[in-house]
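Based on the sequences and whatever the hints tell you, model everything.
One letter stands for each residue in the lines below.
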Amino acid sequence: MGDYILLAISAILVNNILLIQYLGNCPFLGTSKKMETATGMAMAVVFVLAMAGIVTWILEMVFLKPLGLEYIRTIVFILVIASLVQFVELFLKKSIPALYAGLGIFLPLITTNCAVMGVCLINVKEEYNFLEMLVSSLAYSAGFGLALILFAGLRERINVGRVTARKRTGVALIDRRMRDRVTIGRVPGPLQDVAIALVTAGFMSLAFLGFKGMI
Amino acid sequence: MAKTLVQEFTKGLWEEIPPFRLVLGLCPVLAVTKSVANGIGMGVAATFVLLCSNVLVSALRSIIPVKVRVPCFIIIIATFVVVVELVMQAVAYPLFLQLGIFIPLIVVNCVILGRAEAFAFKNRLTYAAADGLGIGLGFTLSLGAVGAIREILGNGTVSIPFSDQVISVFGPSFQPFTFMVEAPGAFVCLGLMLGLMDLVGKKG
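Top to bottom, those sequences are chains H and C. Counting from 1, one number per residue, gives the positions in the first sequence under the numbering used here. Counting from 1001, one number per residue, gives the positions in the second sequence under the numbering used here.
The set of hints was computed from the structure by calculation and includes no laboratory data. Note that the coordinates shown come from a computational prediction; the quantities given were computed from them, not determined experimentally. All C-beta atoms in this analysis are idealised placements derived from N, C-alpha and C, irrespective of residue type, glycine included. Worth double-checking, as some hints may not be accurate.
[What the hints assert, rightly or not] To give an idea of the interface, some chain H residues facing chain C are shown, with a C-beta separation under 8 Å as derived from the structure:
(1) Tyr22
(2) Ile78
(3) Val80
(4) Gly118
In structure tokens:
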């Protein structure tokens, strides 16, 4: 039991998939501008990663390894993930429309999310047993969600800083919801958007690096 | 196409250089740039896959049905990634171990899928090849540049790609700025470089 808890903590905090292992950074930057999209993406990743982890692990153990076909692992995994995502999308659309409304637009993006493929590969490379694989898939995706949602919170404030800066120069672009928030400061022109987001992510990553002492 | 072959090639080196102008495929840029050698090695592997997939996608563009084009692209890309994996295991095994999981992950690199979708599927074979080579070289240069900054500051050395040689830049008394080779340094370094490229691009 203790081993599983240690595995979970190490996957969520110490080896956080976004900030320490650098996987899945495209959706990290793409969906973190707003809290709603960040939560949607985080949930979609938890959902798909748990399923993809199970399916790829079974495929590896039942087919690839006994038949000595490990060298085509990359092709098999990407095809499985891509078709799984399509299948999940169709299934949700038909049977759970409420969930589909929340996750729908994020599902196609997950095919090219290297966090999903990356965790499936880590599970196989570390030779986890079934339970360890399940814990690791869930914990890595929880870590993804945690970092993404925390980051979206920070980034919303930075964008507010930009809006007020524009207001000062005469262009009023502020909506009521944002006006009540605290502004952080003016972001220099060339650093706006992705550049400042990366620097912010760097300092979050520094904070997560502090967890290294835990295990 | 109004552009010439040469223009299609050179646009990848400056106008549309990934990941600075085309902000795609950030994961390998952050992860494998602890040293120049790793960065260049990754870049060459990605360039090979990009060039081959662009050529094949362009050659098959009249056969591939539009509706299932993305799965077809993925299969083509995955095939070349497996080729790279096998070749690297035979030729450059230490580099293969260093890059680890990021070699199979070339398959989900959005730069490659993006070029297949946005360029190769719509253009003639020669143009697609020029585009793939240009974007790939640009990607390699970027990876090398980020790798150089991080390695020089974080370790005080420069490693020569495809050999075991390491050149010390500052001499033995240098105190390494370890932050740069750790995870946070990658994010901060890339962020500042993006800002710098934006500044230079606007003036030029």
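Could you work out which earlier hints the structure fails to respect and list their numbers in ascending sequence?
3
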